[in-house]
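Chains B and Z, in that order, give the protein sequences.
Numbering of the first sequence is given in our numbering, commencing with residue 1 and proceeding in unit increments.
Numbering of the second sequence is given in our numbering, commencing with residue 1 and proceeding in unit increments.
Hints listed in this document are in silico derivations from the structure and should not be mistaken for laboratory results.
Be careful, since some hints might not be right.
Copies of one chain are not kept apart here, so a pair can be met inside one copy or by any two copies together.
Calculated lysine-lysine pairs in the DSSO-like style (CA-CA distance at most 30 Å, straight line) [what the hints assert, rightly or not]:
(1) K159 to K82
(2) K82 to K3
(3) K82 to K163
(4) K139 to K163
(5) K4 to K163
(6) K139 to K159
(7) K3 to K213
It should be emphasised that the depicted structure is a prediction, and the values quoted were computed from it without experimental measurement.
There are 2 protein chains.
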Amino acid sequence: MTKKAVVLVSGGLDSATTLAIAKSEGYACYALSFAYGQRHSRELESAKKVAAALGALEHLILTLDLRLIGGSALTADIPVPKGRSADEIGQGIPVTYVPARNTIFLAHALGWAEVLGAQDLFFGANVLDAGGYPDCRRKYVDAFETMANLATKAGVEGKSRFKIHTPLIRMTKAEIIKRGHALGVDFGLTWSCYEPTADGRACGLCDSCLLRKKGFAEAGLTDPLPYAPP
Amino acid sequence: MTKKAVVLVSGGLDSATTLAIAKSEGYACYALSFAYGQRHSRELESAKKVAAALGALEHLILTLDLRLIGGSALTADIPVPKGRSADEIGQGIPVTYVPARNTIFLAHALGWAEVLGAQDLFFGANVLDAGGYPDCRRKYVDAFETMANLATKAGVEGKSRFKIHTPLIRMTKAEIIKRGHALGVDFGLTWSCYEPTADGRACGLCDSCLLRKKGFAEAGLTDPLPYAPP
Chain B
1 MTKKAVVLVS GGLDSATTLA IAKSEGYACY ALSFAYGQRH SRELESAKKV
51 AAALGALEHL ILTLDLRLIG GSALTADIPV PKGRSADEIG QGIPVTYVPA
101 RNTIFLAHAL GWAEVLGAQD LFFGANVLDA GGYPDCRRKY VDAFETMANL
151 ATKAGVEGKS RFKIHTPLIR MTKAEIIKRG HALGVDFGLT WSCYEPTADG
201 RACGLCDSCL LRKKGFAEAG LTDPLPYAPP
Chain Z
1 MTKKAVVLVS GGLDSATTLA IAKSEGYACY ALSFAYGQRH SRELESAKKV
51 AAALGALEHL ILTLDLRLIG GSALTADIPV PKGRSADEIG QGIPVTYVPA
101 RNTIFLAHAL GWAEVLGAQD LFFGANVLDA GGYPDCRRKY VDAFETMANL
151 ATKAGVEGKS RFKIHTPLIR MTKAEIIKRG HALGVDFGLT WSCYEPTADG
201 RACGLCDSCL LRKKGFAEAG LTDPLPYAPP
């Protein structure tokens, strides 16, 4: 029987590549996304297209009230930084960090995996380019994995040994783009910008746009997304 | 400055007693509840009354789509067991176990704690009477705590050392009731039944009712809740 995997799919290029990797490893993939009050909800439209294009068997979109918790430029009225240099982006934890967000996402993924009878979770965490997010580090993921196997019926009864795969964790953005490209990911379906323009183009200036543009440049590939003129 | 604590409040008597304990220890308490699709949503009305009666500074009720994940008698069309003996209730993991539910709850509590600047979380987990829930054991809570301090900006920057308090973990239901009673908890505000009758009385037969009734009997106190006639 084909092994099932739950794959966190945000609509960005990292998670699209992660889904393509899980599929290339032979998993039957169940895509999971969240409408969590993020200002860039445009990415959910991309998540749907990515999940469909890469053959996810199901795509579950859960709604969360993270704006009621706030504390981030993505979920509260805190400005998204614009025009920062690569050095600035790499230093410290950015205001786009959402408190406990990845823990909340992985917790739901764990619950769904248990119900599906899946042991494998795929999470497109990556530390190199945007070094600051605590919940994108492998030691955090390892701690989550340990907790997950104590938290669940499947783990305790020894039916499952949950494993959280982070295939991108040590890759640069350029390496991720090259890998996704090789696996046939259509990056025109993905979305990265935190604050799109009113006419639906990427701003080109937020950290996420800047990392994406730098990654495509270094990979020697053309980004198919439309950007607002500088 | 008074220390803040986030307290998970379900509306049941365990979490009401936990909130009373947190308050008695001098914490400024922030109550957190979830409308997660549970069949006994009556408990949320109790959560509101409990939070108000015990002086929570805020009471946040978050909505989750756990019925979309399912896998439990509380969130899917699986019958709630009735009339089981204490021995039966204590054995194995019951069908009222909700996959990853407490991990999802604690993850949100962690996010809110980080935003509030709180280091302390209170969780009314208890292992003795209902021995089967994997995510009510202290070793699970310890693993969550380790993960939490790696997951968060506050943890990584050393501003907070998150601690998850489980004051009830080794108490019997009778001991919890006596402790709550001594702290002035009005158990008439709480709710335990998984499947109330149409006229709003507790069924008296689900595991949760049976444990509650046994606890009051052993504590030598009168349960103020109305029960359906046997």
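Verification of the hints:
For a Cα distance limit of 30 Å, the shortest separation of K159 from K82 across copies, 27 Å, qualifies, whereas the shortest one inside one copy, 48 Å, does not. For the identical chains of this complex, K82 and K3 are neighbours neither inside a copy (42 Å) nor across copies (36 Å), given an alpha-carbon limit of 30 Å. Proximity of K82 and K163 under a CA criterion of 30 Å is satisfied in neither setting, with 36 Å inside one chain copy and 36 Å between copies. Within a single copy, K139 and K163 get their C-alpha atoms as close as 13 Å, and across copies as close as 19 Å, so both meet the 30 Å cut-off.
In this homomeric assembly, K4 and K163 come within 30 Å of each other (Cα to Cα) only inside a single copy, at 12 Å, whereas the closest approach across copies is 35 Å. In this assembly of identical chains, K139 and K159 lie within 30 Å of each other by CA distance both inside one copy and across copies; the values are 25 Å within and 19 Å between. When the C-alpha separation of K3 and K213 is checked against a cutoff of 30 Å, the pair qualifies neither within a copy, at 35 Å, nor between copies, at 45 Å.
Against the hints set out earlier in the document, violations occur for numbers 2, 3 and 7.
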